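Trainee: Take the sequences, apply the hints, and build the full model.
Quick note on this note's numbering: the sequence shown kicks off at 22 and runs consecutively.
Hints listed in this document are in silico derivations from the structure and should not be mistaken for laboratory results. One or more hints might be untrue.
Claimed, not checked - DSS-like mimics (lysine-lysine), calculated; alpha carbons at most 25 Å apart, straight line: (1) K72 / K24; (2) K148 / K132; (3) K87 / K24; (4) K72 / K144; (5) K144 / K24; (6) K24 / K132; (7) K148 / K24; (8) K72 / K87; (9) K72 / K148; (10) K144 / K132; (11) K132 / K72.
To be verified - FRET-style restraints, in silico, Cβ to Cβ: (12) G138 / C29: 17 to 27 Å; (13) P80 / N114: 33 to 43 Å; (14) G113 / V84: 37 to 47 Å.
Being a predicted model, the structure only gives us computed values, none of them experimental. Beta carbons: idealized from backbone N, C-alpha and C, even for Gly.
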Amino acid sequence: MIKRVSGCPNIERYTNAISTVYANNALVYADGSGGVIPADSTSGNHIGITKEAIAATDPRYAVAGKISVDVIDDNDIFEADVSGTFTTACVGNFYDLVDSDTVNAAATSKKVVLCVGYISSTKGLFKINARATVVDVATT
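Mentor: This is the structure in structure tokens:
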């Protein structure tokens, strides 16, 4: 789970991909067609955080409808779940993702998020470094 802890929410509606599951409070990125898809370990041009879920049993799952997204900005800070060894020494470092709602403290090649605070061994505070407006990570 990734949730906003600072900054002003900016909710916009984006087209969701057909037959794609979206978790609530998960990072999404541009699909190249004006819509968004769930982030993964290789994504880079992130748009924001989903504010609703679309499950495989949801009627919207089979159609290109709209999903609410909290668009991220430069100074927004988010609380996120973390996998891997995560300690106070991680503050100030860049990390990658495991998937759309978990930071990978064991991977640093993509530099998707910047750790700005430590909460526990499984939760931290992060800025999203790889945004659609400021892509400075490799996306392959």
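Trainee: Next step is simple, just say for each hint if it's right about the structure.
Mentor: Now for the hints, and whether the structure bears them out:
1. For the proposed pair K72 and K24, the alpha carbon gap of about 9 Å is at most 25 Å, so the pair holds.
2. For the proposed pair K148 and K132, the alpha carbon gap of about 11 Å is at most 25 Å, so the pair holds.
3. Our distance criterion of 25 Å between C-alpha atoms is met by K87 and K24, whose separation comes to about 20 Å.
4. Distance hint between K72 and K144 is fulfilled; the C-alpha atoms sit about 20 Å from each other, no more than 25 Å.
5. Taking the CA atoms of K144 and K24, the gap is about 11 Å. The hint holds against a cut of 25 Å.
6. At most 25 Å may separate the alpha-carbon atoms for a hinted pair to count; K24 and K132 meet this at roughly 19 Å.
7. With a C-alpha separation of about 11 Å, the suggested pair K148 and K24 falls inside the 25 Å cut-off, and the hint holds.
8. Distance check on the hinted pair: K72 and K87 sit about 11 Å apart at the alpha-carbon level, within 25 Å; holds.
9. With a C-alpha separation of about 18 Å, the suggested pairing of K72 with K148 holds against the 25 Å cut-off.
10. Taking the CA atoms of K144 and K132, the gap is about 17 Å. The hint holds against a cut of 25 Å.
11. The suggested pairing of K132 with K72 holds, with an alpha-carbon distance near 24 Å, which does not exceed 25 Å.
12. About 19 Å separates the C-beta atoms of G138 and C29, a value consistent with the hinted range of 17 to 27 Å.
13. Checked against the given bound of 33 to 43 Å, the beta carbons of P80 and N114, roughly 42 Å apart, stay inside it.
14. The supplied range of 37 to 47 Å is met by G113 and V84, whose beta-carbon atoms lie about 43 Å from each other.
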